[in-house]
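Student: Here are the chains, one letter per residue:
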Amino acid sequence: MLEIRWHGRGGQGAVTASEIIASASIIEGKYALAFPEFGAERRGAPVRAYTRITDSPLIPRTPIERPDVVVVLDRSLLKPTYIEGLKEGGTLVANSPLKPAELLEKLGLGGGKYRAATVDASSIAMKWLKANIVNTAILGAFVKSTELVKLDTVLDVIRSRFHGKVAEANVMAVKEAYESTQLSWG
Amino acid sequence: MAQQAGKSLRIKSLFDLPREELFISGHGLCAGCTAGTIMRMLTKVAGKDTIIVNATGCVEVATTRYPYSNWLVPWFHSAFENAGASASGIARTIEVLKRKGVIPKDKQAKVVVVAGDGGTVDIGLQSLSGMLERRDPVMYVLYDNEAYMNTGIQRSGATPFHAWTTTTPTGKVWRGEWRTKKDIAMIVAAHRIPYVATANPAYPQDMVNKFARGLEVLDEGPSFIHVLMACTTGWRFDPALGITISRLATETGVFPLYEIDHGNFRVTFPVAKRKPVSEYLKLQGRFAHLTPAEIEEIQKLVNERVAEINKLAGKEVIGPVAK
Amino acid sequence: MEAAQEVKSKRPIPLSTNYAVAHAAKDLDVDVVAAYPITPQTTVVEKLSEFVANGELDAEFIHVESEHSALSATLAASLTGARAFTATASQGLALMHEILHVASGLRAPIVMSVAMRALSAPISIWNDQTDLFNARDAGWIIYFVHTAQEAYDTVIQAYRLAEDRGVMLPVMVGYDGYVMSHTTEPVVVEDRASVLKFAPKRPYPYRLDPDKPVTIGPIVPPEYYYELKYQQVKAMEGVPEKAEDVDREFQKAFGRGYGIMECYMCEGADALIVANASYAATLKSVLPDAWREGLKVGLLRLRLYRPFPAKHFVNYTSNVKSVLVIDRAISYGAPYQGPLANEIAGLKVREDLGFNLTSAVAGIGQRAMEPEDFLALARLAWEARTRRYPETIFYGVRE
Amino acid sequence: MKLPGWKEMTIGGVITNPGNSLEYKTGDWKVLMPVINQEKCIRCRICWYVCPDSAILELDKPYTTKAKRVYKISYDVNYDFCKGCGMCAQECPAKAIDMVPVEVS
Chain A
74 MLEIRWHGRG GQGAVTASEI IASASIIEGK YALAFPEFGA ERRGAPVRAY TRITDSPLIP
134 RTPIERPDVV VVLDRSLLKP TYIEGLKEGG TLVANSPLKP AELLEKLGLG GGKYRAATVD
194 ASSIAMKWLK ANIVNTAILG AFVKSTELVK LDTVLDVIRS RFHGKVAEAN VMAVKEAYES
254 TQLSWG
Chain B
3 MAQQAGKSLR IKSLFDLPRE ELFISGHGLC AGCTAGTIMR MLTKVAGKDT IIVNATGCVE
63 VATTRYPYSN WLVPWFHSAF ENAGASASGI ARTIEVLKRK GVIPKDKQAK VVVVAGDGGT
123 VDIGLQSLSG MLERRDPVMY VLYDNEAYMN TGIQRSGATP FHAWTTTTPT GKVWRGEWRT
183 KKDIAMIVAA HRIPYVATAN PAYPQDMVNK FARGLEVLDE GPSFIHVLMA CTTGWRFDPA
243 LGITISRLAT ETGVFPLYEI DHGNFRVTFP VAKRKPVSEY LKLQGRFAHL TPAEIEEIQK
303 LVNERVAEIN KLAGKEVIGP VAK
Chain C
1206 MEAAQEVKSK RPIPLSTNYA VAHAAKDLDV DVVAAYPITP QTTVVEKLSE FVANGELDAE
1266 FIHVESEHSA LSATLAASLT GARAFTATAS QGLALMHEIL HVASGLRAPI VMSVAMRALS
1326 APISIWNDQT DLFNARDAGW IIYFVHTAQE AYDTVIQAYR LAEDRGVMLP VMVGYDGYVM
1386 SHTTEPVVVE DRASVLKFAP KRPYPYRLDP DKPVTIGPIV PPEYYYELKY QQVKAMEGVP
1446 EKAEDVDREF QKAFGRGYGI MECYMCEGAD ALIVANASYA ATLKSVLPDA WREGLKVGLL
1506 RLRLYRPFPA KHFVNYTSNV KSVLVIDRAI SYGAPYQGPL ANEIAGLKVR EDLGFNLTSA
1566 VAGIGQRAME PEDFLALARL AWEARTRRYP ETIFYGVRE
Chain D
3 MKLPGWKEMT IGGVITNPGN SLEYKTGDWK VLMPVINQEK CIRCRICWYV CPDSAILELD
63 KPYTTKAKRV YKISYDVNYD FCKGCGMCAQ ECPAKAIDMV PVEVS
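Chains as they are written, first to last, in the working numbering: chain A, 74 to 259; chain B, 3 to 325; chain C, 1206 to 1604; chain D, 3 to 107.
Possibly wrong hints are sitting among the right ones.
[Claimed, not checked] Each computed PhoX-like pair below joins lysine-lysine, with the alpha-carbon atoms no more than 25 Å apart:
no., chain 1, residue 1, chain 2, residue 2
1, A, Lys203, B, Lys46
2, C, Lys1402, B, Lys102
3, A, Lys172, A, Lys160
4, D, Lys97, D, Lys42
5, C, Lys1516, B, Lys46
[Stated by the list, open to error] If you anchor each label on the Cβ, the simulated ranges turn out as follows:
no., chain 1, residue 1, chain 2, residue 2, range
6, D, Pro103, A, Leu75, 32 to 42 Å
7, B, Asp240, A, Glu138, 29 to 39 Å
8, B, Asn305, C, Asp1263, 50 to 60 Å
9, C, Asp1416, B, Lys325, 52 to 62 Å
10, A, Leu224, C, Glu1442, 27 to 37 Å
Please keep in mind that the hints were generated in silico from the structure rather than gathered at the bench.
Even glycine gets a Cβ: it sits at the ideal position worked out from N, Cα and C.
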């Protein structure tokens, strides 16, 4: 069972991102659950969401304390408290201009125990969506680093969730993020 | 009604406001939520001898996340639709406990309701009407963000014509909300209470003085202040624009500022040259879907409303749309 | 037992249970009454209005526009330091249901009388106990009373209990609509001074007061909510003992006491009927005929219902062979379709009690019950010593 | 932080020490932060008025501008609570407040 924890701010689409990955997994024949951390999400306030991907329909519906993957959509949340519990050998996917190793070092997660995938999702989002909404761009880095779902499936899900010009812009953002994601051990 | 409201604060400039905060930092309202501004001013005007009755809603859940509370005055929340009845229970208790000598006769304890549009124009209307009809000494402050924002922007009876909400979305069949906004201030005024007013945080002196006047009449009966509360999350605009958009609501005649003091209607902020409503609409994502024809439809509604207001005022206090 | 306090013998006056409840509220010097009229509770609020109008009671009477607002205003008044009272029935109790939980959750010492009546649909203004049994898990202490006198006494005891710092829970005093609410009978009323001596006002400790600001009714996240609810569990667990103490003190002060569960004609009984309110009163008058027929059937009268006096129930039923429970409400599709029987079945299993349990539903929508019907139920209880009736018996319904 | 047991909590969830919200810092919500230019600021109190979070502090701190204008008070930002909404900068008549990116430490 793969456990992913998403961190963002109210209004940035962390919950949507967690759902897109769950949808993609389900389309690819796996079982998956996506759920937000329930509470009064307020625009700007830190929020978290969870995705579990498994081969069995029996999936616990509990918060994820020891994730395999932590995804951080907002740079200001790149702090140890938000990455707490990441399993050794796990992957940090981050919206950050830094190199993966450099980011891990800054977060005190160096020493080769963790992997990181970084991409400047904010700039990509501004370029394609004219807004700092990074929840689709970051998926490019997620797919590239975890290979848990195929890129095309994610793109199909995005095309079904958004429509017309908005869908295409998001697709382009994901593709560019996929290409420019940097990946390495700490 | 033995309760004595006393002369409350009147301000000519912002500097007449006390510096002391009774609604303090550390709440969970969205970044750029104008309700924060409104609550700060309300508590400054009402002062420490005030009991707040807060209906369920954004302000309530964001400011009292156990174990934390932002309110330095006594604060009470019971449910969503009973702020009016709760306030009556409190106000009338203060009267009987004074009469029975349990609390000093001259003790100041003004009862002020704070509720959102859903809690006031929809689910709480019956309880509000009861309180007004009973003449209980309570000032009811409605912060109107024009939808159920606390639960995620579902439409309410206060949602304006053509506005997008999550339950009046735009699609092939629906073009956002298809009914016009419920005129709650006039419904309240029909209860013939001593003071009703509309207020806008973009006009501090006007808003603060209306809070003050609303408190002054409490020894004659209830008062009602309808405050427009521009909502960054629900109206889909940049958090920095809360006050600017609020100002445009009055400059375009969408939200005229008036008061009805013992039956006398008066526009408190005349607008000689009205801005076209498009100035107000274009900054808000909830109106992004509008076609020029739909904007014209809204302009027509605003013009009709302005005509009504001018008729009540007896003269043209809100002018035509400046070309 | 030190010498009982000299008890002034009082001449009883004729009062309906509704009026008795109103008198109790007056003699308790309640500060606020917020109530909405509903049959069959109406004469409670009418009488209270008269008291206030004549200056016999100095209280704020809040003419609310609904029962939802009635309890809301009463609750807010209580949290502002008032001794607050309200009364309702049937649809009104259902309409205010949301606020029942707010009142117990905020630990407000409110007392409310309930003239029990059937619930719509179809609408029925007549008596049964469907309304109250649909409010039994709202965290309120619940009493059933079977005479106007007991109603008067219990409202007084209720404030003493509710305002006890170790309790701080709202109390409902339930009695049968019409059959009791509008039935005149002799009632001894006490003078205000002695009532207030017995139940002095102990206002809500965190009352809304600008001199001591508090925040009441915050939103409570998952990390804290459970403990606050558990506080209610613990407070309720302490109630049976405290309720008995209050009743004992009431007996000393006024010469009348009821205990929290009464076993009537239980000496040598081999079967018991569990009943409350007016049915218990009628059974007291009918059981001697049963004994004359050789049916040694006793009455187990339920007075304190929430919390359920388990210890007493076990003592009274451990050596009888049959217990027949009369329910005046229906739990559609439940294991036993009488809600009270359902609860007692749980206790029977928990305590390994050996009697045969029989569930009988009767008097739904005030379907007439003659003395012969009560005798029939006594026969049924007697028969059930050696014969099991697994399914609830809907007594008196036409096929 | 150790969470209280049921015996330690006030009944009904009453908060008996309101104003303790100062422990609930909202400063980390901001992505942009306001910086007040003391030279340009005309001490008009509008930023202090509009801030929903009381995060603009009005201090009895005198300030003399280069042009020798003497002010008895100064405005400063309480970054522990500022959420970076930008209303102060938007409404400032003297354009004395700049919203700058919060550098991620």
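Student: Looking at the structure, which of the earlier hints fail to hold?
Tutor: Of the numbered hints, 1, 5 and 10 do not hold.
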